[in-house]
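Top line first, the protein sequences correspond to chains A and B.
My numbering puts the first residue of the first sequence at 1, with every later residue one more than the last.
My numbering puts the first residue of the second sequence at 1001, with every later residue one more than the last.
Errors might be hidden in some of the hints.
Below, in silico cross-link-like pairs of lysine-lysine (PhoX-like), each with a Cα-Cα straight-line distance of 25 angstroms or less [as the list claims (entries may be wrong)]:
| # | chain 1 | residue 1 | chain 2 | residue 2 |
| --- | --- | --- | --- | --- |
| 1 | A | K75 | B | K1643 |
| 2 | B | K1220 | A | K75 |
| 3 | B | K1115 | A | K17 |
| 4 | B | K1643 | A | K37 |
| 5 | A | K450 | A | K17 |
| 6 | B | K1220 | A | K527 |
| 7 | B | K1534 | B | K1330 |
| 8 | A | K158 | A | K176 |
| 9 | A | K17 | B | K1545 |
| 10 | A | K17 | B | K1643 |
| 11 | B | K1091 | A | K527 |
| 12 | A | K8 | B | K1643 |
| 13 | A | K450 | A | K527 |
| 14 | A | K314 | A | K300 |
| 15 | A | K144 | A | K176 |
| 16 | A | K8 | B | K1642 |
Per the computed footprint, the stretches of chain B lying under chain A, defined by three or more beta-carbons under 8 angstroms from a beta-carbon of chain A, are [as the list claims (entries may be wrong)]:
| # | segment |
| --- | --- |
| 17 | 1081-1088 |
| 18 | 1095-1108 |
| 19 | 1205-1212 |
| 20 | 1215-1222 |
| 21 | 1638-1645 |
Just so you know, these hints were derived from the structure itself, not from any lab.
If you're wondering where the values come from, they're calculated on a predicted model, not measured in any experiment.
Beta carbons: idealized from backbone N, C-alpha and C, even for Gly.
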Amino acid sequence: MQIIEREKLNQEIEDLKSQYGSSRAALIEILQNLQAKYGFLSGLVMQETAHALDIHPAEVEGVASFYSFFRTEEKQGKYVIRLCQTISCDMAGKDRVAQQLENELGIEFGETTKDGMFTLEYTNCLGMCDQGPALMINDRLFAKVTPEKVPQIIADCKRDFVKTDFPQIVPSVVQKKGPITENEAAVGEGLKAALAKSRVDLIAVIRESNMRGRGGAGFPTAVKWQLAGAAKSDEKYVVCNADEGEPGTFKDRYLLYEQTGLLVDGMTIAAYAIGARKGYIYLRGEYLYLKQYLEDFLKKRNNEGLLGSNILGKDGFSFDIELRMGIGAYVCGEETGLIESLEGKRGEPRNRPPFPVDTGFGGKPTIVNNVETFVAAALICAKGANWFNQNGTQNSSGTKLFSVSGDCEKPGIYEMPFGISIAQLLKEVGGEDAKAVQVGGASGWCIPRKDFERKIAFEDVSTGGSIMVFGPDRDMLQVAKNFMEFFVEESCGQCTPCREGNVQLLEGLEMLEEGCCSMSYLNELLKLGETMQIASKCGLGQASPNAFITIIENFKDEILGRVPTTV
Amino acid sequence: MQDKTPHEACKESCERAPKSETAAVISTPQDTSAIGAMIKVTIDGQDVEVPMGTTILEAARKIGIKIPTLCHHDDLCVAGVCRVCVVEVEKMRTLQAACAYPITQPLVIHTHTPKVRQARRHILDLLLSNHYGECYSCVRNNNCELQTLAHEYGVHSYRFGHVEEPFFERDDSSYSIVRDMDKCILCRRCVRTCVDLQEVGVYEAMNRGADTYIGTFMDKPMAEVVCINCGQCINRCPTGALHAKDPREEIWGAIDDPKKHVVIQTAPAPRSGIGECFGLEPGTPMTFEMNTALRYCGFDKVFDTNFTADLTIMEEGTELILRLYNALVKKEPVSLPQFTSCSPGWVKYIEHFYPEMLGHVSSAKSPQQMFGAVIKTYYAKINNIDPADIVSVSLMPCSAKKFECNRPEMRDSGYQDVDYGLTTRELAQMIKEAGIDLPNMPKSDFDNPFGTMTGSGVIFGATGGVMESAIRTVYELVTGDRIDSLFEKARVMPVRGFEGIRYAELLIDKVGPVPDILKHLLPDWEWLKGATLKVAVAHGTANAKKVLEDIKAGGKLSECHFIEYMACPGGCLGGGGMPIPTSEEIRAARAKAIYAEDEASEVRKSYENPAVLHLYKEFFTEGPCAHLSHKLLHTHYTPRGKKMV
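Same shape as in the complex, but just chain A:
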């Protein structure tokens, strides 16, 4: 019996290999398929996959155990309910939803019902921060879930969603449109204009626009393309970072679904600029419901001659885009972590230098850009550099998409120029009474009321788009705790400062909660935070203590000397 099973499994793996390739880069996709089929990755599945790809079984398990959507121990239920536990959903009442889910299913989080139908899990940020609490069931998303809706959701599951009132894809809420979001009609224009230029001239346009990467780090896009373009290699790659994992960020979800044409234009333009023939969209696993849509879209573009060989009749210019799914790892939003993941490895960021523009995917020159960067690049090519840089500040040109969530009247997506003050933004979103705003997500900075005149721009408070508003009654200690819990889970675990440091910071917050943390120990933790900022291996590790430091520094009075609540 076991031999037959093994042979059957091996045949399946062979079939998957012929579909995805036999290199290690195919590992994650093969595992995704096998998990979908068997409900989890058993030892046998991991071992046979390892041998089929000529790697060690322990390496496969290392990969499988790294990503939170892979399961190696027990079979998951037919429906995996993943409830977002990140701050915005937490503030919106996820605890009560969680309680009701447990009540209805008779299991606790982390468990599977006896009939094998349901598994309950927490997950980090689903990108529905403005419509929380959110949960995901397999590839379906549910927004604004209330305890009252829980029984209906479960009932619909049991009917396999044959008839349901819940939409397949929850629409994004765009509160304020701007130059970027108003130009869907420009699809194709930028690409056409770009291909009419020489590569040098094309990069010159991007340089003139002064655009800096929209993902948060703010590296000048033209410099990145220039370096990758100059690198000598017969193979180069364009990668779209659609691993929008920063808590409080959901604007890429909108762009991926509603501005797909501009996104693909932008990637194709980048490919032309650097001389790449292959591109990847690395889509976070939490956006699985967009997979089919995006694949269909790419196919359509191929049929229209906008992808594939001799694009728009341009001789010798061919470019293909492949969609690759993430599997639940925040750190894969870091570009080298993302590349490792594309290569079928644990998503552990690399040492830099060498940089991806030099040694990226498969050791080849690679550019990794955010979704919004590609969209903006396409529009810059269509409308010109001046059209773009007339907005914003000198160092932070253009408008930016902000994802606004938390304690405000009108959460959602806002397109506004860089350089606006936090106060202006709060006025727009209806959050004037906020006591603090978290700019840049869990890895960003907590700005207290007294600093609301500060400007959102790379030169002042920078962000990839996440804006979380904290009203007057929010307990900032709980906010800080939520962020640190996030990092303890989402650190890749390779470097000491981030892996161990975040644990210490979280324990410090627990001590504060218990009312037993001295000022001198708190100061030691702040110093540790500074070490983490300068000594961690990657940008995410370096940013992980930001929230802790800024919350402690600004809210000492609220946080120190607490009287423990006895349970």
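With chain A held as given, fit chain B onto it using these hints.
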């Protein structure tokens, strides 16, 4: 065929290692004209010129500036994960890991600014906060890199707490390697060693974030995974998370039992390295001082494994000649090339990963096991000792020998042929326990009837040594001429050195009469006249894998007649039971000592070892590869495969 040394190969073949990169190699520098260019950097005010791509760590070492490291190991590819080597580079916001930062432009570097010192201290505090450091009872007490750094950086309190209770269960299921994950600091040297250097792949980092740990596949105990027991992970572990299974208590017990006759055989490599445990420079031979120390410890007899090394050459060499004869003259299907079988790590490697090629492995036992069988038969008989009362210990540079002596097939004497495998490190501990100052011991010789050190035996301790001994003996037995006529002072240089894979050819230009000892097997040598003997040497199992793949693909190495494999980089002198630390320089120094011992020996060819000839005359009277020698000196192997579930 010149190949990379194992650690070079490791550094370059990192594509399999998820977290290790070749920081020192820049594949496409932005300015290609700069390749090979020298770049001037300033470190702590001192200028130094280094080739492009040199890491900050290497540049600092060049001018004598010490930067602390934990995850870095010279034999392994770059990880850059512990961050204890961070330094400040002017104009950079963050600190840079010196081990991982390749210099591609002029830099001004500071290695001990307040920021750097604070960061290092924090990193040590963080590691200690998650390290079950019961130093007194730790096998690495006084030889622990974490302990040393904690001392150097003045850690006098546990700033972020300390682990009070062990969390992991100690895994001592293996005969060879004990894993104590409470001591692990996640430097991943063991992962890089096992995956890159040895291509065995037992370990990997599992989970992520605060839950990260180094695990085996499905958390299987070490006895149930594809571990080959080479112990290279032990040699590279900075703390006590990995160590060899220690038989000292049992051996002391046997010594203290008046009924027991406790004998010890000592392999060639330990004598070249044990001095390091007593503060001596690597490569200080301690052969005869160690003999005295062993007697002071209470061993009844001290034998030299060189004796059975020479016996191995007689058996394995004869087997090779027979394979060639059967193939060339009798035209029988014979597995060629023949592979050596001395290295138990290598043997377990091929059993797991290439079981279909086990027919190539010589059936001759390793020197340790030949000695074990001879002691409990011949030696017991001539001394009138009940073999049940003999406790046979072997001093080995090796952790895999512990597994080997426990193999069920190694009981041909009717008893377990060798009772305990003792590593060099463990013997050093015993000598210290007995209050013996090894370097100042008077010298004394080995015990008879197994004779003294031979050059042909002692070179078994270095990679290529088995091959060199075999060539010396086979050439002289076949041609009747002296090998010294081909190679000055019988130094068979083509098989020496540290390149990962070495290939050599030897023309049999003439043949002599068949010597008496082989007359029962062959009529003449005419069939070998004019033949070219092709041999190869590989060390480190990653190189073994390359050789095996080349043979399978019908490459150049498939034409070889004889191939020596050693599981450990450098051969036995780099074994998993040798003193810690290990590095290319240390291994080279030990090799130098071993080759010096060879040239100082009277007997340098196995077939001339009088004790061996005596044994054939008195005990294995039918000669090599005959009935009794097959029973006691040869063995068989187990196709294990690599499937664990």
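Do the hints match the structure? See the list:
{"no.": "1", "hint": "K75(A) x K1643(B)", "result": "holds, 22 angstroms"}
{"no.": "2", "hint": "K1220(B) x K75(A)", "result": "holds, 20 angstroms"}
{"no.": "3", "hint": "K1115(B) x K17(A)", "result": "violated, 50 angstroms"}
{"no.": "4", "hint": "K1643(B) x K37(A)", "result": "holds, 22 angstroms"}
{"no.": "5", "hint": "K450(A) x K17(A)", "result": "violated, 58 angstroms"}
{"no.": "6", "hint": "K1220(B) x K527(A)", "result": "violated, 40 angstroms"}
{"no.": "7", "hint": "K1534(B) x K1330(B)", "result": "holds, 20 angstroms"}
{"no.": "8", "hint": "K158(A) x K176(A)", "result": "violated, 38 angstroms"}
{"no.": "9", "hint": "K17(A) x K1545(B)", "result": "holds, 24 angstroms"}
{"no.": "10", "hint": "K17(A) x K1643(B)", "result": "holds, 20 angstroms"}
{"no.": "11", "hint": "K1091(B) x K527(A)", "result": "holds, 21 angstroms"}
{"no.": "12", "hint": "K8(A) x K1643(B)", "result": "holds, 16 angstroms"}
{"no.": "13", "hint": "K450(A) x K527(A)", "result": "holds, 24 angstroms"}
{"no.": "14", "hint": "K314(A) x K300(A)", "result": "holds, 19 angstroms"}
{"no.": "15", "hint": "K144(A) x K176(A)", "result": "holds, 21 angstroms"}
{"no.": "16", "hint": "K8(A) x K1642(B)", "result": "holds, 19 angstroms"}
{"no.": "17", "hint": "1081-1088", "result": "holds (count 5)"}
{"no.": "18", "hint": "1095-1108", "result": "holds (count 6)"}
{"no.": "19", "hint": "1205-1212", "result": "holds (count 8)"}
{"no.": "20", "hint": "1215-1222", "result": "holds (count 4)"}
{"no.": "21", "hint": "1638-1645", "result": "holds (count 4)"}
The structure fails to meet hints 3, 5, 6 and 8 from the earlier list, while all remaining hints are met.
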